Amino acid sequence: MSGETSAPGASPRAPRPGTQKSSSTVTKKGDRGAKEKPATVLPPVGEEEPKNPEEYQCTGVLEADFAELCARSGYVDFPKVVNRPRPHPTFVPSASLSEKPILDDQRPSGSCSLNSMESKYVFFRPTIQVELEPEDKSVKEIFIRGWKVEERTLGIFSKCLPPLSQLQAINFWKVGLTDKTLDIFIALLPLCSSTLRKVSLEGNPLPEQSYHKLMALDSPIAHLSLRNNNINDYGAQLLGRALSTLHSCNRTLVSLNLGFNLIGDEGACYIAQGLRLNRSLLWLSLAHNRIQDKGALRLAEVGGNRITEVGLESFLATVQYQAQFSKSKSAGKGPVGLLWLSLAKNCFSMQCPAYTTIQELLLPRDPTTKAKPREDEGALGRSPRLLQFRPPTRVLIHHQ
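In terms of this note's numbering, the sequence shown opens at residue 996 and continues consecutively.
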């Protein structure tokens, strides 16, 4: 009986391990399901969507577009877009402001000094300063100063700058450009509006001196400033070739500022050579470089005007009008108007009729003609009132 009793007692114990296994199996499945549920609940598309800048359509509002593209690119601590600060107007103290009670009220408190300290740190925080059009508040000029512009920032600019239809100028001052990021920046320029004509890259020395790439034949830049970039004679050679060669010539650049660099006489000669065949550059600055007499003379040789007989007719019409106008004035008051005009070293013959007529009209007006003739340079007189169209000899060149 006892054995029979134990046998049935053992039979219910036997399934318990199985039952435990089944229960443990159920719990393991539940655990596995619990572990699998987060994987199924995670929406990968929903997380990737805000991080995909390609799907964002820019609105043309730089502040909103730049912030959204930075967030989608995982760029958390990004610079803010702010209006460019204007200089404060001149402070004129009034009688009310000079009273003692007002001065006592102006004594800074603890909270005031804390706010002033925070404002000072805000001043040094990286920002993208913009200047807006007064009418429609669209961005017309961008200023970035004193913080490094990386590749990802330029990538964001390539998406948010093209919609700016009134953008006219981009100014980068000490932004840590490299030869690689310069290439990215140059590729960005054709994507922008056709109104973008001015670029300033100052305080960005490059090891390979590749600034000449900004002056390529398809470059839209009309006004370029490259001050304080440690450009040496080798960089000047590359810039001179970009201005013109026997096979190519830049036709868009109007002004070029190369001040505060390291260009010497050799570099000045390279630039002078590039100016010979260039017909678009009107203004060139080489101030605060290392150019001496040799380089200045080479620049002066190509800095002359190219007045032809067509332009000479305009001078003749002006001189003839002056001659008729002076006849109506009293002879006792002396000559009126232009007394001396030098047109030497231009693109017309000194024997052409227009030049001969100008000489006949102006020569009698020169009070010193009898004292010292100047046949060698074709001068038409000498007086404090003069116009001289000859090559300049200053390093600061207005190339015409």
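Hints are computed from structural coordinates only; laboratory data are not their basis. The structure displayed is predicted, hence computed values, not measured ones. Glycine included, each C-beta is placed from N, C-alpha and C at the ideal position. Among the hints, a few may not be true.
What the hints assert, rightly or not - Simulated restraints on C-beta separations: (1) 1120 with 1188: 57 to 63 angstroms; (2) 1242 with 1072: 22 to 28 angstroms; (3) 1240 with 1178: 19 to 25 angstroms; (4) 1072 with 1244: 43 to 49 angstroms; (5) 1305 with 1049: 42 to 48 angstroms; (6) 1313 with 1285: 49 to 55 angstroms; (7) 1047 with 1244: 41 to 47 angstroms; (8) 1079 with 1346: 38 to 44 angstroms; (9) 1240 with 1072: 42 to 48 angstroms; (10) 1351 with 1178: 54 to 60 angstroms; (11) 1257 with 1143: 32 to 38 angstroms; (12) 1140 with 1305: 43 to 49 angstroms.
To be verified - List time: in silico BS3-like cross-link candidates among lysine-lysine, alpha-carbon distance up to 30 angstroms: (13) 1154 with 1289; (14) 1132 with 1175; (15) 1154 with 1193.
For each hint, the structure was consulted:
{"no.": "1", "hint": "1120 with 1188: 57 to 63 angstroms", "verdict": "violated, 29 angstroms"}
{"no.": "2", "hint": "1242 with 1072: 22 to 28 angstroms", "verdict": "violated, 48 angstroms"}
{"no.": "3", "hint": "1240 with 1178: 19 to 25 angstroms", "verdict": "holds, 22 angstroms"}
{"no.": "4", "hint": "1072 with 1244: 43 to 49 angstroms", "verdict": "holds, 46 angstroms"}
{"no.": "5", "hint": "1305 with 1049: 42 to 48 angstroms", "verdict": "violated, 55 angstroms"}
{"no.": "6", "hint": "1313 with 1285: 49 to 55 angstroms", "verdict": "violated, 41 angstroms"}
{"no.": "7", "hint": "1047 with 1244: 41 to 47 angstroms", "verdict": "holds, 44 angstroms"}
{"no.": "8", "hint": "1079 with 1346: 38 to 44 angstroms", "verdict": "violated, 57 angstroms"}
{"no.": "9", "hint": "1240 with 1072: 42 to 48 angstroms", "verdict": "holds, 46 angstroms"}
{"no.": "10", "hint": "1351 with 1178: 54 to 60 angstroms", "verdict": "holds, 56 angstroms"}
{"no.": "11", "hint": "1257 with 1143: 32 to 38 angstroms", "verdict": "violated, 23 angstroms"}
{"no.": "12", "hint": "1140 with 1305: 43 to 49 angstroms", "verdict": "holds, 46 angstroms"}
{"no.": "13", "hint": "1154 with 1289", "verdict": "violated, 47 angstroms"}
{"no.": "14", "hint": "1132 with 1175", "verdict": "violated, 33 angstroms"}
{"no.": "15", "hint": "1154 with 1193", "verdict": "holds, 19 angstroms"}
Checked against the numbered hints given earlier, this structure breaks hints 1, 2, 5, 6, 8, 11, 13, 14; the rest are met.
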